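Here our numbering is used: the first residue of the sequence shown is 1, the next is one more, and so on.
Everything labelled a hint here was simulated from the structure, so no lab data went into it.
Be aware that a few hints might be false.
[What the hints assert, rightly or not] Straight-line Cα separation of at most 27 Å, DSS-like style, residue types lysine-lysine; simulated pairs:
1) 235 to 551
2) 241 to 377
3) 543 to 559
4) 353 to 238
5) 460 to 353
6) 238 to 377
7) 488 to 551
8) 450 to 559
9) 102 to 86
10) 33 to 66
11) 86 to 70
12) 422 to 307
13) 235 to 450
None of these values were measured; they are calculated from a predicted model.
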Amino acid sequence: MENISMKKYILTWILLLGCFSIAFAQKNMSEIKGVVLDENKEPLIGVNIVVKDQPGLGTITDIDGKFRIKASSYQILVFSYIGYDKQEVPIEGRNVLNINMKPSSTSVLDEVTITGTGVQKKATITGAITTVDLSSLKSSGAASTSITNALAGNVAGIIGMQKSGAPGEVSEFWIRGISTFGANSSALVLVDGFERSMDELNIEDIESFSVLKDASATAIYGSRGANGVVLITTKRGKEGKVNIDVKMEGGYNTRTRTPEFVDGITYANMLNEALVTRNQEPRYTATEIGILNQGLDPDLYPNVDWKDVLLRDGAWTERANINISGGGSTARYFVSVGFLNQGGMYNVDEGLKKDYNTNANLNRWNYRMNADLNVTKTTLVSVGIGGSLDLQNTPGMSNDDIWGSITGQNPVSIPLMYSDGKIPTTGTDNRMNPWVMATQTGYKETWLNKIQTNVTLEQKLDFITKGLKFVGRYGFDTENKNENNRTKRPELWQAEARRDENGNLVMNRVAEEQLMTQSSYTDGYRNENLEAELHYNHLFGNKHDIGGTLKYFQYQKVKTADVGDDIMKAVARRSQGFSGRVTYGYDYRYFAEFNFGYTGSENFESGNQFGFFPAISVGWNLSLIHI
Numbered sequence: 001m002e003n004i005s006m007k008k009y010i011l012t013w014i015l016l017l018g019c020f021s022i023a024f025a026q027k028n029m030s031e032i033k034g035v036v037l038d039e040n041k042e043p044l045i046g047v048n049i050v051v052k053d054q055p056g057l058g059t060i061t062d063i064d065g066k067f068r069i070k071a072s073s074y075q076i077l078v079f080s081y082i083g084y085d086k087q088e089v090p091i092e093g094r095n096v097l098n099i100n101m102k103p104s105s106t107s108v109l110d111e112v113t114i115t116g117t118g119v120q121k122k123a124t125i126t127g128a129i130t131t132v133d134l135s136s137l138k139s140s141g142a143a144s145t146s147i148t149n150a151l152a153g154n155v156a157g158i159i160g161m162q163k164s165g166a167p168g169e170v171s172e173f174w175i176r177g178i179s180t181f182g183a184n185s186s187a188l189v190l191v192d193g194f195e196r197s198m199d200e201l202n203i204e205d206i207e208s209f210s211v212l213k214d215a216s217a218t219a220i221y222g223s224r225g226a227n228g229v230v231l232i233t234t235k236r237g238k239e240g241k242v243n244i245d246v247k248m249e250g251g252y253n254t255r256t257r258t259p260e261f262v263d264g265i266t267y268a269n270m271l272n273e274a275l276v277t278r279n280q281e282p283r284y285t286a287t288e289i290g291i292l293n294q295g296l297d298p299d300l301y302p303n304v305d306w307k308d309v310l311l312r313d314g315a316w317t318e319r320a321n322i323n324i325s326g327g328g329s330t331a332r333y334f335v336s337v338g339f340l341n342q343g344g345m346y347n348v349d350e351g352l353k354k355d356y357n358t359n360a361n362l363n364r365w366n367y368r369m370n371a372d373l374n375v376t377k378t379t380l381v382s383v384g385i386g387g388s389l390d391l392q393n394t395p396g397m398s399n400d401d402i403w404g405s406i407t408g409q410n411p412v413s414i415p416l417m418y419s420d421g422k423i424p425t426t427g428t429d430n431r432m433n434p435w436v437m438a439t440q441t442g443y444k445e446t447w448l449n450k451i452q453t454n455v456t457l458e459q460k461l462d463f464i465t466k467g468l469k470f471v472g473r474y475g476f477d478t479e480n481k482n483e484n485n486r487t488k489r490p491e492l493w494q495a496e497a498r499r500d501e502n503g504n505l506v507m508n509r510v511a512e513e514q515l516m517t518q519s520s521y522t523d524g525y526r527n528e529n530l531e532a533e534l535h536y537n538h539l540f541g542n543k544h545d546i547g548g549t550l551k552y553f554q555y556q557k558v559k560t561a562d563v564g565d566d567i568m569k570a571v572a573r574r575s576q577g578f579s580g581r582v583t584y585g586y587d588y589r590y591f592a593e594f595n596f597g598y599t600g601s602e603n604f605e606s607g608n609q610f611g612f613f614p615a616i617s618v619g620w621n622l623s624l625i626h627i
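Let's have the full structure, built from the sequences with the hints guiding it.
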C-alpha cells in the first residue's frame, strides 16, 4: 500500500510540472511579424512559414508579403516558397523579422523532362507525361532481368501482362489501355531517340525514363504513338575525374503462385465420387485404393506429383555491372559492361547433365559506350554504341507443351519410371510423359545479338537568332538470331492394367527411340533512322516563354536473314514524316501548346499513306498563383 501511495504521489508531481511547463511556454510566446521579399525586393505572396519541428504552427504571407505568427524566443521559423531556397531563421528574442528569399539553383521551375521533341521544363508541360523514378524500378527484382516486367505497379497508367515466368520472357504493356488502332501493339519505345527495345537494356545504363500518355504528348508520332510512347535516354560522361562504379547482386527467385495438385489417393476417391454421381461404376475398388495408399504396386498404381518432380522451388539470379565515366570540357565518355545469369526452375536429369543442359536459363552480356566531343564552343558531336548478346537454353520441347502435359497428367496414370527400366507414357505429343518432355527430348540454344549505333550533331545557331539550335541524328542497328534445335526421344512404353501369369508387366511400345537430330533457324533485321530537328526557345521580358520544334524523320526496317524466295520479305518497311511543337508560357503560370505529326507508312495503300495528327493543350500552374 505504501508503494502504491508513493507512485501516486510521484505521478501527481509529474503532471503538475508538465502543466506548469506548458503554461510557462505559452506565457513566453510572443507575436512575431515581418515581411518576406524576393531578390528584387518585391513582396512574395503565399510564402509558407512554420515553427520548426511543429508543423501545426504556421501561416503564409499576405498580398503585401507580410506575416504574423506566435512563437517562443528560443524557437526557429522555417520559410519556404516554390523556386526559392528554404531558410531557417532563429527568433532569438526578436519581434520583427524581415526576410529576403534567394532563388534556388535547383528550382523546380528549371527541372526538365524528356518529351517527344526534346527537353522541356517540367513546369511548362501541359500534356500527360510521367518521369519514372529509376530508383523504384531498380528496387524491383524484376528490373534486373527485364525492365518491362517492372513497369506495371511502378508507373501510373501502365497495364502489364506477363504470360510466362520463364527466363528471358518479358511482359506486354499498354499505356492507358489498348487503343483501337494497332490493338495488339505495345507502346512505342524510343531509346536515345531511336525506336528500339528496352528489354535488353541494362537498367544501370539508363539516365532518364519518361512515359508519354495522352494525345497532346504523342501526336508528333502519328499512328506509331497510338498506344503511348516511352522515351529512354542512356547515361553519358560528365566533366570531372574518372568515376568507376561496380555493382554485383544476386537473388533467389520463386514462383508467386503455382497450382496445387491433389495426390493419387484424393484423385482416385474424387474420380469414384464423380462417376457414382453420374450413375456409373466407380473406377477404383476399395482394394485398389488400399494398394495405392500403401504403395504396394507403383507400376500399375502409381502416385506421382508431377509438379514436384519437374519444378524446383526457386532459382538463383546473378547480375554484375561495371561502368566507367569521366572526361574534360572538350570530351567526355561513359563505358559500361554488364552480365546477367537467370536460372531456370526445371529439374534436370543428372545423368545427362555432363552432356547437355535441359534446363531453361538465360545468360546476357550488355555493353555500351557513349562519347561526347565539343568540336567548337557551339558544336557538339555525340557517338553511341551499345548492344547485347543473349544465350537462352530451353528443353527440346516448348514450355507450353511441358506445362500442358503437367496439368493434363493425373497422378495415378503412369509412374515416373517402370521398375524394369522402361520409360512410361500415356501417348505422344501433348500426352507424353511430362518428365520425358522436360528432360529427355534434347535441348534448344537461342543466340540473339543486337548492335545499336548512333551519331548526333548539335549545332547552336545563336548567330542567326538567340535560342535557335539544329540537331541531326543517324542510327544504324542490326539484330541477328540463331536457333539450334537438338531433339531426340527415348523409347516409350505403356503397361496394361494387368500382369501375366508370372507376375510380369504386360507392356505395349508406344513410340520407338529417335536419335538426336539437329535443325537450325536464323533471322535478322537491319534498322536505319535519320532525323533532323530545328529547336527554338527564348524568354522575353522574364514573362513570355516562346518555344518551337520542327522535326523531320525517316525510318526503314529490312529483313536480312531467312528471306528465301519470298520477295516481300526483302522489301524494306519505311516510314516518314514531319512533326512539330509550338509552346507559349506566361509568367510560369499559363501555358499553351500545339503539337502535330504528319506521318506516313508504306504499310498503307497508295493515296492513304500519310495522315495529319494534331493536338492542342493548355495548362494553369496552380502552385504559383498569388493569393
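Against the structure, the hints:
1. 235 to 551: Given pair residue 235, residue 551 holds - Cα atoms ~24 Å apart, limit 27 Å.
2. 241 to 377: holds (21 Å)
3. 543 to 559: violated (52 Å)
4. 353 to 238: Violated, at roughly 48 Å.
5. 460 to 353: violated (61 Å)
6. 238 to 377: holds (17 Å)
7. 488 to 551: Cα-Cα ~55 Å, so violated.
8. 450 to 559: Roughly 14 Å separates the two Cα atoms, so the pair holds.
9. 102 to 86: holds (9 Å)
10. 33 to 66: Distance of about 7 Å is within 27 Å: holds.
11. 86 to 70: With Cα atoms ~20 Å apart, residue 86 and residue 70 stay inside 27 Å; holds.
12. 422 to 307: At roughly 21 Å apart (the allowed maximum being 27 Å), residue 307 and residue 422 satisfy the hint.
13. 235 to 450: Holds, at about 19 Å.
Hints 3, 4, 5, 7, counting from the list given before, are not met by this structure.
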